[in-house]
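Going line by line, the protein sequences match chains H and L.
Just so we're aligned: 591 in the numbering used here is position 604 of the first sequence, and the numbers increase by one with no gaps anywhere.
Just so we're aligned: 49 in the numbering used here is position 50 of the second sequence, and the numbers increase by one with no gaps anywhere.
Simulated from the structure, these hints should not be mistaken for lab results.
Calculated pairs, DSS-like style, for lysine-lysine (alpha carbon to alpha carbon, straight line, at most 30 Å): (1) H:K495 x L:K247; (2) H:K444 x H:K396; (3) H:K579 x L:K247; (4) L:K247 x H:K544.
From a predicted model like this one, the values you see are computed outputs, not experimental measurements.
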Amino acid sequence: MTPAGPADPGGQPRSFTLPSQIEDVPGAENWRSMYPYFTRFQPGDDQRFWFYNSMHFPEPMPAFDAITAEIPYTAIGANTTRLFVLPTTLGIEHRIVNGRVYITAIPVTDPAEIGRRAAIFTERAGYYYQNWDRLYEGWKARIADLINQIEAITVPELPEFEDERVVMESVGVAQNHYVRENFHRCLDLFSKMWHHHTEFLMLGYGAYVVFFEFCKNAFPEISEQTVARMVAGIDVIMYRPDDELKHLAALAVESGLAGEFTEGCDPDAVLAALADRGQAGQAWLAAFEAVRVPWFHVSTGDGFYHHHRSWNENLAVPFAALTRYVRQVSAGESLERPTARLVAERERIAAQYRALLATEEDQGAFDQMLGVCRLVFPYVEDHKFYCEHWFTTRFFQKIRAFGELLASKGVLAEAEDVFHLQHYEIDQALADVMLAWASGGEPLGAVHLRPVIAERKQALEALRSWSPPPALGPVPEALNDPAVQMLWGITQDTIESWYSQASSGDEKEVRGYGASSGIVEGTARVLRDVNDIGQIRDGEILVCPVTAPSWGPVFGKIKAAVSDIGGTMSHAAIVAREYGMPAVVGTGQATKRIRTGQRVRVDGDRGVVTILD
Amino acid sequence: MISPRLTRPLTSLRSGDRPSVGGKAAGLGELAAAGLPVPAGFAVTTEAFSHALEALDPGGAIPRQIGQLPAADASAIAQACTQVRDTILGSPLPAGLLNEITARYQALPGPAAAPDRTAVPVAVRSSATSEDSGSASFAGLQDTYLWVTGAEAVTDHVRRCWASLYSVESVTYRRHQGVPEEGLAMGVVVQVMVDPRCAGVMFTRSPVTGDTSVIVVEASWGLGSAVVSGEVTPDSFVVSKVTGEIVKREVATKLRHHQRDPSAPGVCLRDVPPPLRDVPCLDDDEIRGLADLGRRVSEHYGTPQDIEWAIAHGADGEQIVLLQSRPETVWSSRVTTPVAKPAARAFDHILARLSEASS
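Chain H with its partners taken away, still in its complex shape:
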């Protein structure tokens, strides 16, 4: 990437590459067909600053998966612009180029307008803070209801003759109707889930940002990780799936079943063998079934792509971890997280910083801000399990089931191909099937859609080779968008560092967020998929797209972690801090720039990974 102008010697405005200057990736010239028209960059967009949302979208978007940008942004924008009426920002706009999602926030700058919005905001946000616990309990009930609803959705079978009941009970509606209705219900529920997801989001992160800024003013050298440690919960739901695996491992060892768990074992074979192991085996299987719902609905990714499957869909992932845990328990290691020690350490850190504050007034403000953070943090930390993991993995399963219907009717070559259609196009394909079932004719989709899908699959592969610039458009004079700052951790400093990197073009450095401090050097192991965690060797440095609880077992072996996605509060960051190892997260491109076997230096303080070879 080269900046559009010189670094401002003659008053020339500083700029990243402009959207209009980006060329199509060879072999992927048809990428536009994959996304709705409203995601295209417009000529006027050259005058605005955009950044690549590598945190949520580190890969090129398959056509269907663009819904994980479209729907969240309809929800979060509604929340900030219309519901809570944030004074200084409206919503987020997104654009897709070469398969990558770029975003920008629309700021409010007119002081009168800020004041008008602030009056409404103060009343509405104040109501939520004042009633937080009660409202959060209500939220949990509502989200549980949504999960029940998405789980209950069925795909009509379209039998040759309609069920007798439909006639005898004079239902008056045939099955093909429900093809569309149920598909739409999936989308509608996904949309409602995202509205819920964003309901408390800005208020939660707002509390954190205010506390962080206070700490930074009082202690200019404090790291964000240390502030995060004062706030972070210990008994966080996101740890539960991994904790449950540890319990299952301990039970297996206690019951003398450890021998069934061998490196690379086939989960189905292990389950079958355990069924023949008498009472102990039955008891273990019962315990296993008891935790699968909901804890195995955890995603192997972070819920923004259809290929982020759940443990329940791919038992090989939890079984790889189980096998390692069984070995560790057999060797006498304790796997329990030292929660009492972690709580004590969190309290000690907070108490010491409080004691270092210069005035009693500061201490009073510190107590208030930390108190609000701890009030809101159960939501901030736990909502992901309900939304991105449990609900979203079920949502993609349902879409896949509609894919199976389309494949069974010959429209698609295979069910998984449904994710290469926009959801608007799936509507058409389903209408095609509904019509054919009704008329007794043949669906026309195969001829029309299969070549399109084949072409898109190729394009998607080609798009992977593109390194998206971290930002596009003019360098902003001041970035003061609370949403961008809170949710993406992007500040003026971040932008300046992107700009200087763009200008210098340093090939050896990969920059991200320093999420856990320390510096180590070692050999990189690039793992794109959690299923490959068996490849990692002791003392290597893990380089991965994103980590989720299913990656947990890896942290016992590695000496540093680097991820494409994630912020200071991401899973990789939290776990790395607990293990006391350096971590750099949110690099956007570590898995692409670093190769397995390369020597790298991970600087968790500055958020820089240096390739030493």
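Keeping the supplied structure of chain H fixed, place chain L upon it in accordance with the hints.
Frame of chain H; chain L shown alone:
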């Protein structure tokens, strides 16, 4: 026959002994008494100075003459200073004091490599008594001599420290500040010389940001004088007092270092060998060890401190030693205003922040 009135071992001194031995000696004694690592040594008391001055100026002509000099008359000050310094440097020490210094010097534990007790290298450092000696402007005016060996050289450098009281800079400063000449005195510290691999300063409060939650360690190869004098850009490490984490590291290119001069007593400026220039001169354990000492020193005094330190070969391998600790004055003298005050409702902080037009 050693008299505690003229010379005293550092370990016997405490902060309260400042009037009798000067600030530097009293401070080192206080550190040693707190169990902190300080090289062995002794102080020549202010009484020894007065005793010697009386011997060569029985009528008190020197203080009278200096005290009458106009602060602005540079040439008169220069002339008087030369005269007084010549007198001090040219006069032998009173015999009793000479013998005491010699005996104390020869009793110092020498480095393993120099078993010759008559040639232990020492640092001879002036130790001022003035109340405002904590301020850098004054402290910098007194002299320190490194790599002094042999009893005769030691006594010679004690006189040079005394004479430094009558440098043009010192006298001009005193005349400008109206510091009285009567009763002016100076202590001297004689301390076993450490031959540091690296050395520097540390601040128990960030000198850049005033942050009280961190210790900032600055380090460079060789003697700390290169860091203190600003002749090299040192490596800089910021360590959290709360978590012990090293939150910031800046490794500088260190082109030069101060080393013992092989051809003459004292110190010379040398080029750092190229392979060492860009590598950090401290490892993480050393940084944490230093920060730990820094924390103990500031806790001992109850106020932020600026500390000089060195890492040198000792009897048990490499060891950190402290060479001086002074109260931090820049940030401590500022008026403290709260960063934030409690709000009516805790969440009002957030409502206010999110309503701000710019941060």
